[in-house]
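Novice: Using the working numbering, the letters of the sequence shown map in sequence onto residues 318 to 615.
Keep in mind that a hint or two might mislead.
Stated by the list, open to error - Each computed DSS-like pair below joins lysine-lysine, with the alpha-carbon atoms no more than 27 Å apart:
1. 389 with 601
2. 389 with 561
3. 601 with 385
4. 561 with 385
Stated by the list, open to error - Ranges of calculated distance between the beta carbons of each label pair, as one might list FRET restraints:
5. 564 with 592: 22 to 28 Å
6. 461 with 345: 23 to 29 Å
7. 363 with 583: 41 to 47 Å
8. 400 with 324: 20 to 26 Å
I should point out that these hints are in silico values taken from the structure, not numbers from a laboratory. Keep in mind the model is a prediction, meaning the values are calculated, not measured. Note that beta-carbon positions come from the ideal geometry of N, C-alpha and C, so glycine has one too.
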Amino acid sequence: MLTAAQKDFYAENGYLLVEDAVSPDQLARMQEITNRLIDASRQVTTSDEVYDLDTGHGPETPRLTRIKVPHKQDPYFWEVLRDSRMTEVLTDLLGPATTLLTSKLNTKAPGGGRAVEWHQDWAFYPHTNDDLLAFGLMLEDVTPDNGPLMVIPGTHRGPVLSHMANGVFAGAIDPDDPLFQPERAVTLTGRAGSMTVHHVRVLHGSAPNLSDRARKILFYEVASADAWPLLGAGSYFHGLGQRKFWEDLQERTITGAPCLTPRIEQVPIRMPLPPAPDTGSIFKTQDSAGARSAFTRA
Numbered sequence: 318m319l320t321a322a323q324k325d326f327y328a329e330n331g332y333l334l335v336e337d338a339v340s341p342d343q344l345a346r347m348q349e350i351t352n353r354l355i356d357a358s359r360q361v362t363t364s365d366e367v368y369d370l371d372t373g374h375g376p377e378t379p380r381l382t383r384i385k386v387p388h389k390q391d392p393y394f395w396e397v398l399r400d401s402r403m404t405e406v407l408t409d410l411l412g413p414a415t416t417l418l419t420s421k422l423n424t425k426a427p428g429g430g431r432a433v434e435w436h437q438d439w440a441f442y443p444h445t446n447d448d449l450l451a452f453g454l455m456l457e458d459v460t461p462d463n464g465p466l467m468v469i470p471g472t473h474r475g476p477v478l479s480h481m482a483n484g485v486f487a488g489a490i491d492p493d494d495p496l497f498q499p500e501r502a503v504t505l506t507g508r509a510g511s512m513t514v515h516h517v518r519v520l521h522g523s524a525p526n527l528s529d530r531a532r533k534i535l536f537y538e539v540a541s542a543d544a545w546p547l548l549g550a551g552s553y554f555h556g557l558g559q560r561k562f563w564e565d566l567q568e569r570t571i572t573g574a575p576c577l578t579p580r581i582e583q584v585p586i587r588m589p590l591p592p593a594p595d596t597g598s599i600f601k602t603q604d605s606a607g608a609r610s611a612f613t614r615a
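Please take these sequences and the hints and turn them into a complete structure.
Specialist: Below, the structure written as structure tokens:
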């Protein structure tokens with residue numbers, strides 16, 4: 318699906334914007350499922366295994382930061398990842414064998430929905446090599462005022478910045494880090510059905526949603542099958558044990574088959590330890606560690 322020019326652009330800059338990543342029918346069905354899940358959150362009063370609630374959430378005005386692991390809440394989200402134009406982009410960039418790390422549906426609420434502070438995904442889950450990426454499928458139009466994803470081109474080819482604050486892993490960089498150059502940021506907007514792609518090491522974040530519309534983006538975090546996770550990262554599968562890990566790995570295989578010969582590359586790594594007091598989500602990690610915000614500075 319991707320042209321040679323698009324692949325070269327991704328290799329150089331660490332991100333892409335791909336239009337029409339799913340069919341109109343696939344998009345419509347995912348929108349319907351998402352709206353149903355949001356509606357079901359009206360009676361939820363505290364964050365749980367399905368929902369992360371935002372300030373002001375209630376029966377009349379459901380406000381969420383995230384629907385957790387949506388591919389487990391409805392299997393259609395898994396089906397589309399395995400059989401759509403997204404699948405073609407995936408194999409173009411990572412090869413014929415790929416594994417899902419996790420999924421999340423960020424439903425940034427209107428009128429001030431939460432920012433995601435600047436970070437590199439790689440800081441959360443380092444692997445034996447860095448052939449990992451994230452897809453961000455836009456389920457509604459994303460505009461400059463509703464908290465779109467922002468990336469800093471080329472940072473996937475640089476160092477892993479410190480994501481520590483107050484002696485713990487904060488899941489966010491220090492806004493005063495001399496290597497942080499927000500003036501170089503690119504804002505990724507698009508119409509529903511478009512998809513962002515960003516490399517696991519590219520520096521990215523998103524501002525609060527200042528519009529009157531929720532910003533609904535479905536994220537999939539994906540690895541080449543020969544990239545194996547390092548012990549000490551925050552991924553749930555480290556606690557499964559050998560047999561359950563193997564079963565889980567097979568369930569997370571998107572294309573091809575699991576690889577039992579990990580590829581080890583010389584890549585920069587910082588382990589995300591010690592953990593923040595609350596690691597339930599990136600929002601809770603950043604909050605509980607006392608991460609400084611790059612979006613509220615004077």
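Novice: Look at each hint and say if it fits the structure.
Specialist: Right, here's what the structure says about each hint:
no., hint, result
1, 389 with 601, "holds, 21 Å"
2, 389 with 561, "holds, 17 Å"
3, 601 with 385, "holds, 13 Å"
4, 561 with 385, "holds, 21 Å"
5, 564 with 592: 22 to 28 Å, "holds, 26 Å"
6, 461 with 345: 23 to 29 Å, "holds, 25 Å"
7, 363 with 583: 41 to 47 Å, "holds, 44 Å"
8, 400 with 324: 20 to 26 Å, "holds, 22 Å"
Comparing the model with each numbered hint stated earlier shows that all of them hold.
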